[in-house]
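Residue numbers (this note's numbering), protein chains in the order written: chain Z, 1 to 185; chain X, 1001 to 1275; chain W, 2001 to 2583.
A portion of the hints provided could be inaccurate.
[Unchecked claim] Here are the simulated DMTMM-like pairs of lysine to aspartate or glutamate, each with C-alpha atoms no more than 25 Å apart in a straight line:
| hint | chain 1 | residue 1 | chain 2 | residue 2 |
| --- | --- | --- | --- | --- |
| 1 | X | K1057 | Z | D70 |
| 2 | W | K2304 | W | E2019 |
| 3 | X | K1010 | W | E2312 |
| 4 | X | K1175 | W | D2517 |
[What the hints assert, rightly or not] If you want a taste of the chain Z side facing chain X, the calculated C-beta under 10 Å gives, among others:
| hint | residue |
| --- | --- |
| 5 | G16 |
| 6 | A20 |
| 7 | F22 |
| 8 | V61 |
| 9 | I64 |
| 10 | S80 |
| 11 | W81 |
| 12 | F83 |
| 13 | N97 |
| 14 | E103 |
| 15 | A105 |
| 16 | I111 |
| 17 | A142 |
| 18 | L154 |
| 19 | L166 |
[Said to hold, decoys possible] Facing chain X, from chain Z, some residues (calculated, C-beta under 7 Å):
| hint | residue |
| --- | --- |
| 20 | G75 |
| 21 | A77 |
| 22 | G100 |
Think of the hints as simulated: they come from the structure by calculation, not from any bench.
Built from N, CA and C at the ideal position, the CB exists for glycine as well.
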Amino acid sequence: MEAKLKFGVKEVVAVGIGSALFVALTQVQIPLGIPNTALQPRAALLAFLSAVFGPVVGAAVGLIGHALGDMFFYGSAWWSWVFPEAIFAIVVGAFANKYGVKEGAFGKKEIILFNVMQVIGNAVAWILAAPILDILIYKEPAQKVFVQGVGAWLGNVLIIAVLGTLLTVGYAKVGAKSSSLMKED
Amino acid sequence: MARILTYEEKDTWIHRLSGVTKLVFFLLWTMTSMLSYDTRVLLAMMLGSLVIYKMSKTEWKQVGTVLKFILFFLVINLIAIFLFSPYEGVGIYGTRSDLFHLFGNYWVTKEQLFYELNVMMKYVTIVPAVFMFVVTTNPSEFAASLNRIGISYNIGYSVAIALRYIPDVQDDFSKIRNAQEARGIEMSGKASFSSRIKNTAAIIFPLIFTSMDRIDVVSNAMELRGFGKHKKRTWYMGKKLKRADYVTLAVTVLLSALFLFITFHDGDRFYNPFV
Amino acid sequence: MTPIIEFKDYTFKYRAQKEPTLRDINLSIYPGEKVLIVGPSGSGKSTIAHCINGLVPFSFAGESSGTLKVKGENPAKLGIFGMSKIAGTVLQDTNGQFIGLTVAEDIAFALENDMVPQEEMIDRVSQVADVVEVKTLLGHAPWELSGGQKQRVSMAGVMVDDVEILLFDEPLANLDPATGKRAIDLIDKISRNKKTTILIIEHRLEDALYRDVDRIVVVGEGRIVADEKPDRLLVGNVLKEQGIREPLYVTALKHAGCELTEESRPQHIETMRLEPYKELMQRWFQTVSYRKEKKEEKCVLSVKDLYFSYVEGNPVLQHIHFDIRKGEMVSIVGKNGAGKSTLAGIICGFMKPVRGSILLNGEDISEQSIKERGEKIGLVMQSPGQMISKPMIYEEVALGLAVRGVPEEEIKERVYRTLKICGLYPFRNWPVSALSYGQKKRVTIASILVMDPEIIILDEPTAGQDYRHYTEIMEFLKEINEKYGITILMITHDMHLMLEYTERAIVISDGHLLADDTPAKVLTDETIADKAYLKKTSLYDLAVKCGIGSPTEFVERFIHYESVHDEQKTGEGRARHGEDTDL
Chain Z
1 MEAKLKFGVK EVVAVGIGSA LFVALTQVQI PLGIPNTALQ PRAALLAFLS AVFGPVVGAA
61 VGLIGHALGD MFFYGSAWWS WVFPEAIFAI VVGAFANKYG VKEGAFGKKE IILFNVMQVI
121 GNAVAWILAA PILDILIYKE PAQKVFVQGV GAWLGNVLII AVLGTLLTVG YAKVGAKSSS
181 LMKED
Chain X
1001 MARILTYEEK DTWIHRLSGV TKLVFFLLWT MTSMLSYDTR VLLAMMLGSL VIYKMSKTEW
1061 KQVGTVLKFI LFFLVINLIA IFLFSPYEGV GIYGTRSDLF HLFGNYWVTK EQLFYELNVM
1121 MKYVTIVPAV FMFVVTTNPS EFAASLNRIG ISYNIGYSVA IALRYIPDVQ DDFSKIRNAQ
1181 EARGIEMSGK ASFSSRIKNT AAIIFPLIFT SMDRIDVVSN AMELRGFGKH KKRTWYMGKK
1241 LKRADYVTLA VTVLLSALFL FITFHDGDRF YNPFV
Chain W
2001 MTPIIEFKDY TFKYRAQKEP TLRDINLSIY PGEKVLIVGP SGSGKSTIAH CINGLVPFSF
2061 AGESSGTLKV KGENPAKLGI FGMSKIAGTV LQDTNGQFIG LTVAEDIAFA LENDMVPQEE
2121 MIDRVSQVAD VVEVKTLLGH APWELSGGQK QRVSMAGVMV DDVEILLFDE PLANLDPATG
2181 KRAIDLIDKI SRNKKTTILI IEHRLEDALY RDVDRIVVVG EGRIVADEKP DRLLVGNVLK
2241 EQGIREPLYV TALKHAGCEL TEESRPQHIE TMRLEPYKEL MQRWFQTVSY RKEKKEEKCV
2301 LSVKDLYFSY VEGNPVLQHI HFDIRKGEMV SIVGKNGAGK STLAGIICGF MKPVRGSILL
2361 NGEDISEQSI KERGEKIGLV MQSPGQMISK PMIYEEVALG LAVRGVPEEE IKERVYRTLK
2421 ICGLYPFRNW PVSALSYGQK KRVTIASILV MDPEIIILDE PTAGQDYRHY TEIMEFLKEI
2481 NEKYGITILM ITHDMHLMLE YTERAIVISD GHLLADDTPA KVLTDETIAD KAYLKKTSLY
2541 DLAVKCGIGS PTEFVERFIH YESVHDEQKT GEGRARHGED TDL
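Only chain Z is shown next, with the shape it has when bound in the complex (with noise of 0.2 Å):
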């Protein structure tokens, strides 16, 4: 756990790089077939950065992510949205250290773990916090909101048990031992 709390120059690097692949895919959205509902890959994104990073480097680029997304392309700040991407990443991101990405260790057991804590991760953000936020802040009907919440969560939910465990698996498999110090035959 200790290893994933600092935050030195590679997690500064982390954080950065990850908000910039996080705004980009902004845009990138899968569409569901029904009207104005669509996937976002940029939460399995998250979810990856930080079953990697850890919760530290997860919940930064959830905060800069969302916000520098929602700036650049929607001209808004939609702040009650924006904490909740931190909240996911920190849930996700706490147990950084059992799912061993980075060893390659990512069997059965750390993907059921890693959905586990995404299933909650995402209910924490999406069902609880961001409608609370919306209605504290900006007093909408807790109807409306929580409706909204719990379709944020299953889109969110359904997105990465596909998409974010696939990348994680991939990237245990490709980017852990292609460190650069593989032995040609």
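Position chains X and W against the provided structure of chain Z, taking the given hints into account.
This is chains X and W only, laid out in the frame that chain Z set:
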């Protein structure tokens, strides 16, 4: 990727202000408009936002597409509020003045219209402030400004790196997407849902993995040039605060305080014209 | 005089590796010296630089024995920050080294970290920007700069600290030849004016020798194989044994049977004393056989009067026209930003031309989608990482077929067939991550080849590769070209590649078609070479100085001779090295 707001160099007093001033303004202004539901305050802020927007000489082509998009969402949101909770306004203002009947249980009330007008004004207040902040603040000043208002320079530099790499990542993204499309992997289209996800994966995996490799290169390069050596660092692009900055800051703080006072002095965030 | 850098019986092993990367290194470098360190990928040459700047052991952990002193200090004790005041490093990846949002900020980066006051920073940045000639670019963002400009910014970024040692890690890897020349010239000026000690790590020897160096250190399999003055080294055989390409004129002289001597000063062709070899060279020119003409095949791709612009009135490509015949291997050359990649993008359908058309087998393809074109024209991107999206080799190669709904059985058969062609069949069940760079490149080529395209376009297929990997990749391409008749177009600025492997070069300069001719002609024509940011080949100078009437023909005969006689070329890979350019 044309639909993105970017900084453009111009010579107005707003452009000349230090990034710190604009950041403080941006944060206080959006927070105040978030908290306040006082129609008079929102009206004043909305007008203020528009005046500032005008003064920043921002052109339509800089923000037009984004603005259309925002308006679209604003309308959707207003309709959604009505559908989910047609009597939210009645609950807030404590009276009910029906205007006409729509269908089923849905009556249009004066209170609801007034409430939704307030919601709309909140949007309209925030948007010009964000536009102004993004298009008039040199991104180079951003990290320095965050550091100046007390955020650690590590986080400030993360933001700087994000800004540095957004164009690179976008460029990579379109290159990779093109090359994968030539292999037959399309992101949109009529494909089934699961193959759409798979195809998206085939495009974003190379993007993410090559970016992950970059993290090592960049952090080594930064360390080789002494990043993180001291508790503090200086900023080449940090702008010194001038008189205009102090005046703007003072006005911003006073106005925010005033607006919040007006909003909350009677213990209620809402201005109620119905009693 | 005491050395500024001194390795004594130094051995280093990366934590993740079984074998040491450096063994018993003894090397002394004196203040003000300019030393070139050459060696193939994986020889450990970059590790030497990492030991000096402190990345070893702080960023790349491992164990060492023996001693290393840099200006009397032990880098392993002083740390990366301490070393950064003594030795500045210019990394190979100059885009990665570009940290700031603009040129000025990037140069100031080290000063900011040292808490230098703003006024002083502005002064010092401006001074050093002057030295590396980027003063007019101070406000530019990285994406507005060329590779050469980024490199100069990187140089400024480390020189701003007044370091005594400058380390250049493969400074030529990403530059076109003319820009590379300019970089070497600038490094030389810095060495003369500032008396900085300079270490250049490179495997492109001929280009690095554009300006004098004091010594060349040859590294092979972690040991120092030679440490000599350039003139002396070039007359021997060490370079060839280590898989480093000699300057072409030296190779030509050796082919002709000339016994090179140190006294003839072979370091630069311009100043080399060639009188003793003149006669031998002329005789050799007469005896080497002539290249056979290829028979004319039908035209497979023709580009007709193509115009393209992103912004109206600002054309990127103008009046581009050429024909590619079936089974040809053609290079598209020109300086960075000349429009080569745009041209490839238009052919693949990523962008639409403003005017003009592209015919594939006589048929206009302007209405075809990217996907449809992709079945006939395959594109291989520069870095394998940009294409590979599956963890397993089989899946990656099968991807293009799978998304097209090809039946499972057929996929299997075609993938296996392709893997056999590419020499990857034994690895079919391996994860991609277990492969070397060259093999990954093959996977990306296989993933295109599996779709049976008629044409393959490769973007910089050999960028950053040493001679062995270069040969491996190019021989493979030559094989699929010759055996399977696949037409190959390559975007490149590698002059060797043009000369050795392509019959024709299409030269694009500032959006215009400058030439469409044999590489030998292009590279012996000074005006074309200059405009396209290429470099006249040293074989030209050799021919002229030896009184050979037709330099172009000399170049052609030389290349032909090489391709026939260099049978060991394909066997060059026998030397075993740890794969990796980062080491």
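Hint check results:
The suggested pairing of K1057 (chain X) with D70 (chain Z) holds, with an alpha-carbon distance near 22 Å, which does not exceed 25 Å. A hinted pair counts as satisfied when its Cα atoms are at most 25 Å apart, and K2304 (chain W) with E2019 (chain W) does not qualify at roughly 56 Å. Our distance criterion of 25 Å between C-alpha atoms is met by K1010 (chain X) and E2312 (chain W), whose separation comes to about 24 Å. Between K1175 (chain X) and D2517 (chain W), the direct Cα distance comes to roughly 30 Å. Violation of the 25 Å bound is thereby established for this hinted pair.
A hinted interface residue such as G16 (chain Z) counts as satisfied when its beta carbon comes closer than 10 Å to some beta carbon of chain X; here the least separation is about 2 Å, so the hint holds. At about 4 Å, the closest approach between the beta carbon of A20 (chain Z) and any beta carbon in chain X falls short of 10 Å, and the interface hint on this residue holds. For F22 (chain Z), the suggested interface contact is upheld, since its CB lies about 8 Å from the closest CB of chain X, less than 10 Å. Checking V61 (chain Z) against chain X: minimum C-beta separation of about 8 Å stays under 10 Å; hint holds.
Checking I64 (chain Z) against chain X: minimum C-beta separation of about 6 Å stays under 10 Å; hint holds. Checking S80 (chain Z) against chain X by beta carbon gives a least distance of about 8 Å; that is within 10 Å, so the hint holds. Residue-level restraint check for W81 (chain Z) is violated (minimum Cβ-Cβ distance to chain X is 12 Å; threshold 10 Å). The restraint placing F83 (chain Z) at the interface with chain X is violated, with a minimum CB-CB distance near 12 Å, outside the 10 Å limit.
Evaluation of the N97 (chain Z) hint against chain X yields a violated restraint, the C-beta minimum of about 19 Å exceeding 10 Å. Checking E103 (chain Z) against chain X by beta carbon gives a least distance of about 15 Å; that is not within 10 Å, so the hint is violated. Because the smallest distance between the Cβ of A105 (chain Z) and any Cβ of chain X comes to about 17 Å, over 10 Å, the interface hint for this residue is violated. For I111 (chain Z), the suggested interface contact is broken, since its CB lies about 16 Å from the closest CB of chain X, more than 10 Å.
About 8 Å separates the beta-carbon of A142 (chain Z) from the nearest beta-carbon of chain X, less than 10 Å, and the hint is met. For L154 (chain Z), the shortest C-beta to C-beta distance to chain X is roughly 14 Å, which exceeds 10 Å, and the interface hint is violated. The criterion of a C-beta within 10 Å of any C-beta in chain X is met by L166 (chain Z), whose closest approach is roughly 6 Å, and the hint holds. Checking G75 (chain Z) against chain X by beta carbon gives a least distance of about 5 Å; that is within 7 Å, so the hint holds.
For A77 (chain Z), the interface hint holds, since its Cβ comes within 7 Å of a Cβ in chain X; the closest pair sits about 5 Å apart. Among the interface hints, the one on G100 (chain Z) is violated; its C-beta lies about 16 Å from the nearest C-beta in chain X, farther than the 7 Å criterion.
Taken one by one, the earlier hints fail for this structure at numbers 2, 4, 11, 12, 13, 14, 15, 16, 18 and 22, listed in ascending order.
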